[in-house]
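Trainee: The primary structure of each chain is shown beneath.
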Amino acid sequence: MKTNMKTYETVIGLEIHAQLSTKTKIFCSCPTQFGSVPNTQTCPICIGMPGVLPVLNKKVVEFVIKAGLATNCTISKHSRFARKNYFYPDLPKGYQISQFDLPLCQRGSLTVGDKIININRIHIEEDAGKNIHDSSDIHSLVDLNRAGVPLMEIVTEPDIASPLEAGAFMRKLRAILRYLEICDGNMEEGSLRCDANISLRPIGQKELGVKAEVKNLNSFRYVEKALEYEIERQTKILTDGGRIIQETRLFNTQSGKTISMRSKEESHDYRYFPEPDLVPIEVSDQWINEIRETITELPDQKTARFVRDYKLPSYDADLLSLEKYTADWFEEAVRLGGDSKQVSNWMMGELMRLLNEKNLSLDKSPLKPNLLVDMLKLVTDGTISGKIAKTVFEDMFNTGKSASEIVKEKGLVQISDLGELDTVIDEIIKSNSKEYERYKAGETKLLGFFVGLVMKATKGKANPKLLNSTLQKKLST
Amino acid sequence: MGISDSDVAHIEALSMLRLESDEAELFKGQLNDILLYIDKLNELDTSDIEPTSHVIPLTNVFREDVLVTMSLSQDEALKNAPDASKGFYRVPKIIE
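Heads up: the sequence lines are chains U and A, in that order. Every letter in the first sequence is one number past the one before it in my numbering, and letter 94, counting from 1, is 1521. Every letter in the second sequence is one number past the one before it in my numbering, and letter 87, counting from 1, is 93.
Below 30 Å or equal to it, Euclidean Cα-Cα: the simulated BS3-like pairs (lysine-lysine) are:
1) U:K1520 x A:K92
2) A:K99 x U:K1520
3) U:K1511 x A:K34
4) A:K85 x U:K1511
5) U:K1557 x A:K92
6) A:K92 x U:K1450
7) U:K1751 x U:K1817
8) U:K1684 x A:K99
9) U:K1511 x A:K99
10) U:K1642 x A:K99
11) A:K85 x U:K1557
12) U:K1791 x U:K1804
13) U:K1642 x A:K92
14) A:K99 x U:K1557
15) U:K1520 x A:K34
16) U:K1886 x U:K1828
17) A:K46 x U:K1511
18) U:K1791 x U:K1599
These are calculated hints, taken from the structure and not from any lab test.
From just these sequences and the hints, can you work out the full model?
Mentor: Have a look at this one:
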């Protein structure tokens, strides 16, 4: 059967806005704290009063250079600001101070899995205020606390081939920014948000298809979901012989669909020009080197070292290196004598499960590395069984008490005493004589039935190895 | 080159203004006068002159990232606003 169906490939580029973790705003000394009382963190500079002059926060430049170095960018020796002009109620000056033709960082890259994603540029800009659309039909409310908070915008090349790759890039970038301590990466609070450009083209075609831009995606999942929806939408239009319209779209988190946001697209004309109120930035090699020296081990390097030095599978090493605090926690436990793979298993298993359940981050966990290591020693020397260890672990997590304390309080010491175990087993065999006969007749899978009963009777404290061998011996006689 | 009617309409939209037709005509004339004046500058030979965005020979003017308590109170911040409500600036509804 002949068909007109073409196969399309996806082309994605991201524009990521990251809020820089400075104490003060980019051009004035107002605080940047999130969630404060509306309009209490503003001054004549950030609300655009006539006659004021911006003065650049040095930390902002240092942070963005840091980001550039960590993503293999070339740092521009000469850089300047530009005005991006547009009218919107959250933009009190009527223009946003940004960078246009001479951004601070250019031509970088990040490796995600086996793939290199190129970065076109990283530039500095100021954030706008926040519009609140409450129940009123005729009014909107504006909070300018966020106006003038420093941002960097990271623009990738259209090198990303799938929604999953886009998500992976975001996760990687977030990990790096958090390692560098230049952005807290809190997506719920909008510290990291993403606009995604996506287009399709027939496989083999060189030039890019017409793109749609999906704005303001503030979670990894939304990035992936919105892009999946766009692929579906654009594929349908193209296979039906239609044309994609270049437009801005919004992702509706409820419906999982993107919707056109055609409002003011026609009039986008930002009339950029060099910002006359700010002098250019010159970056010397010496300054770059000073900043380079402050960059500590990054996630990729840490992963490699964990595989090399602790013989961890790369899956474990990757997960443990995602957050610096997690990696430090792991290394502390190993330093205290914990076996690296055991520590990793407990961290990625029970610890993560409990943290998720309680919605806690690791630094808020009452369970510290030394407690885990002490517990592992009790397992190794046979004081408690691996099964009991799970209970002990959860108790440690909830109370912050040590494993030996919990074991003592609850009488959880493993029964490794043959005499004590003998008595229990004899009783159980006696009261289950039918099953005993069946076992002797060759139904050996009933061993599990007896193991279960003994474990129940001893509240899981029977030493499993000892139990198995004793039970088998007794049942066969 | 000169400013056309559609240029005026474009600038009108960008500026969020609504002009009567006689106003549009008036501004068209004024904008054209400004451009004519700029054209005068184009008569100068600038082939030997470096383009410049800043007239003062300064670079790297910074401040340290130090918190100074100089923010306005909410009342002060909203004092000049034509309209405010519940601690916010209140503006005509923004259609999203």
